[in-house]
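Engineer: Chain by chain, the residues:
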Amino acid sequence: MMETMLPELSNQEIHRYSRHLLIPDVGMEGQRKLKAASVLVVGTGGLGSPVSLYLAAAGVGRIGLVDYDVVDFSNLQRQIVHGESRLGDLKVDSARDRLLDLNSEIQVDTYNEFLSSDNAFRIAEPYDIIIDGTDNFPTRYLVNDLCVLTGKANVYGSIYRFDGQASVFDARVGPCYRCLFPEPPPPGLVPSCAEGGVLGVLPGTIGSIQATEALKLILEIGEPLIGRLLLYDALDLSFQTVKLQKNPDCKVCGEHPEVTELIDYVDFCGMPAHDDEEGSAGEEWDITAPELAEKLKKGEDLRLIDVREPHELEISHLEGAELIPLGQFASHLSELDSAEDIVLFCKSGTRSTRALEILASAGFKKVKNLKGGINAWALEVDPSMPIY
Amino acid sequence: MPQLKIPTPLRPYAEGESILSLDGRNVAEVLAAAVDLHPQLKKHLFNEDDQLRPFVNIFLGEENVNELDGLQTNLEEDDTLLIIPSIAGGRA
Chain A
1 MMETMLPELS NQEIHRYSRH LLIPDVGMEG QRKLKAASVL VVGTGGLGSP VSLYLAAAGV
61 GRIGLVDYDV VDFSNLQRQI VHGESRLGDL KVDSARDRLL DLNSEIQVDT YNEFLSSDNA
121 FRIAEPYDII IDGTDNFPTR YLVNDLCVLT GKANVYGSIY RFDGQASVFD ARVGPCYRCL
181 FPEPPPPGLV PSCAEGGVLG VLPGTIGSIQ ATEALKLILE IGEPLIGRLL LYDALDLSFQ
241 TVKLQKNPDC KVCGEHPEVT ELIDYVDFCG MPAHDDEEGS AGEEWDITAP ELAEKLKKGE
301 DLRLIDVREP HELEISHLEG AELIPLGQFA SHLSELDSAE DIVLFCKSGT RSTRALEILA
361 SAGFKKVKNL KGGINAWALE VDPSMPIY
Chain B
1001 MPQLKIPTPL RPYAEGESIL SLDGRNVAEV LAAAVDLHPQ LKKHLFNEDD QLRPFVNIFL
1061 GEENVNELDG LQTNLEEDDT LLIIPSIAGG RA
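In order, the protein sequences belong to chains A and B.
The first sequence stops at residue 388 when you use the working numbering, and every number in between is there.
The second sequence stops at residue 1092 when you use the working numbering, and every number in between is there.
If you are wondering where the hints come from, they were derived from the structure by calculation, not from laboratory data.
All residues carry an ideal CB built from backbone N, CA and C; glycine is no exception.
Warning: the hint list may mix true and false statements.
DSSO-like mimics (lysine-lysine), calculated; alpha carbons at most 27 Å apart, straight line [as the list claims (entries may be wrong)]: (1) 1005(B) x 366(A); (2) 365(A) x 1043(B); (3) 243(A) x 1042(B); (4) 295(A) x 366(A); (5) 366(A) x 298(A); (6) 251(A) x 1043(B).
The following label-pair restraints were derived from C-beta to C-beta distances [stated by the list, open to error]: (7) 1053(B) x 238(A): 23 to 29 Å; (8) 7(A) x 1050(B): 54 to 60 Å; (9) 1047(B) x 28(A): 51 to 57 Å; (10) 328(A) x 1076(B): 31 to 37 Å; (11) 1046(B) x 256(A): 24 to 30 Å; (12) 1076(B) x 261(A): 54 to 60 Å; (13) 239(A) x 1016(B): 55 to 61 Å; (14) 282(A) x 1053(B): 21 to 27 Å; (15) 72(A) x 1047(B): 34 to 40 Å.
Now the stretches of chain B that chain A is said to cover, found in silico as 3 or more residues with beta-carbon under 8 Å [as the list claims (entries may be wrong)]: (16) 1003 to 1014; (17) 1052 to 1060; (18) 1074 to 1087.
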């Protein structure tokens, strides 16, 4: 935008942004660029919290927030835009109120919707930059393709346990997410944060880097992370960048693109676009917590197998269950008998569904998955048990 | 001996190890040695046709080995290979 077309700053805004105005690389013109800018933050969770807070504080004039969820108690360990007083409220409402409390001079738009191929163009249309703060592969590919097809920068961040990644994918001048990861991993091969956990401060680090990159893009200063992937290891406290090249065969930004419109990303990834879904192996393979309780009460001969990690037993466990973590499951097949009735369980049913698939493909037929995992048992059978 | 850094999501399949020191003159040999040592890594790195899975990226220093000689990229004794995994977490 030409300088003369940039919005003016009020005296109050000049006071608010004085620490920015003192930086020659920002100055009055830069702050006016921030005021004129619009950024869409997809996901108001771990990454979306610090990103949206810092963009609001910095004076980005228009911020869009997309989420479909409500604030849950287990969010508060890392989703710092929300608070205890907003438990059960829509995340977009909770986040909007916090951002406007921080800076009432900006515009915050909320989209209490699940971002999909049907609504993505409409939602993204008013914004210059898209921040990917999602938690699942289908939405990540959707955000990528949306940015490629609409010519917008995709400020990417992703986290798992102690590891983080960040980049700026802008297919107009560099590679896109698909250039690096042409296909998602098959379902179950890569655990999600809901299954594997995440250090609460990790999204603070990666989200702050995403906010930094967004501000640099708006201010047109520095070297953006275009064509580079930042890798962060919180345990080593190491940062490393690697070079990313545009893939001429990329299906969406390559020389002969096959993806020219948004597709069915759930189908493409073969997995749901939710990180926190209750794991189900399908009706024929599932057993509910009350059904399992009934069988155990009757003294039916069942082999209960817990496929969680050993440290999760301290949180909750089922009496009589034996532990075979999913990572070691395939190498323990010889210890299982397909003539036995087996019930597999984990935290929420996702990992046990993977274990069930291993058994089913080995010819086991008398095996069931505890739908919703041990958390469903805590909810429906034993209220004294904690839910995590 | 070249080293292979194992990212967090793959560590359960490498008995929790974060760095493996492995014999090998090129990327293919080092990955084969890793799979010999920890067979459960195999399905995470290679598909049924023993091709590297499309979502697994192997870097030597800053460079994706695909930009070098792919799996045939020669390695020095003190080289470190990095597996960059596809991770999706962020909102939840």
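Engineer: Give a verdict on every hint.
Structural biologist: Going down the list of hints, with the structure as the test:
1. 1005(B) x 366(A): violated, 40 Å
2. 365(A) x 1043(B): Satisfied, since the Cα-Cα distance of roughly 24 Å is no more than 27 Å.
3. 243(A) x 1042(B): Given pair residue 243(A), residue 1042(B) holds - Cα atoms ~26 Å apart, limit 27 Å.
4. 295(A) x 366(A): holds, 14 Å
5. 366(A) x 298(A): Given that 27 Å is the threshold and the Cα spacing comes to 18 Å, the pair holds.
6. 251(A) x 1043(B): holds, 25 Å
7. 1053(B) x 238(A): 23 to 29 Å: About 25 Å separates the Cβ atoms of residue 1053(B) and residue 238(A), which means 23 to 29 Å holds.
8. 7(A) x 1050(B): 54 to 60 Å: For residue 1050(B) against residue 7(A), whose Cβ atoms are near 59 Å apart, the range 54 to 60 Å holds.
9. 1047(B) x 28(A): 51 to 57 Å: For residue 28(A) against residue 1047(B), whose Cβ atoms are near 56 Å apart, the range 51 to 57 Å holds.
10. 328(A) x 1076(B): 31 to 37 Å: Roughly 34 Å apart at Cβ, these two residues keep to the hinted range, so it holds.
11. 1046(B) x 256(A): 24 to 30 Å: Holds, at about 27 Å.
12. 1076(B) x 261(A): 54 to 60 Å: violated, 46 Å
13. 239(A) x 1016(B): 55 to 61 Å: Between residue 239(A) and residue 1016(B), where Cβ atoms are some 23 Å apart, the hint is violated.
14. 282(A) x 1053(B): 21 to 27 Å: Cβ of residue 282(A) to Cβ of residue 1053(B): about 26 Å, so the range 21 to 27 Å holds.
15. 72(A) x 1047(B): 34 to 40 Å: 37 Å Cβ-Cβ, so the 34 to 40 Å window holds.
16. 1003 to 1014: holds (count 5)
17. 1052 to 1060: holds (count 5)
18. 1074 to 1087: The restraint on the region 1074 to 1087 of chain B holds, since 5 of its residues have a Cβ under 8 Å from chain A and three suffice.
Checked against the numbered hints listed earlier, the structure breaks hints 1, 12 and 13; every other hint is satisfied.
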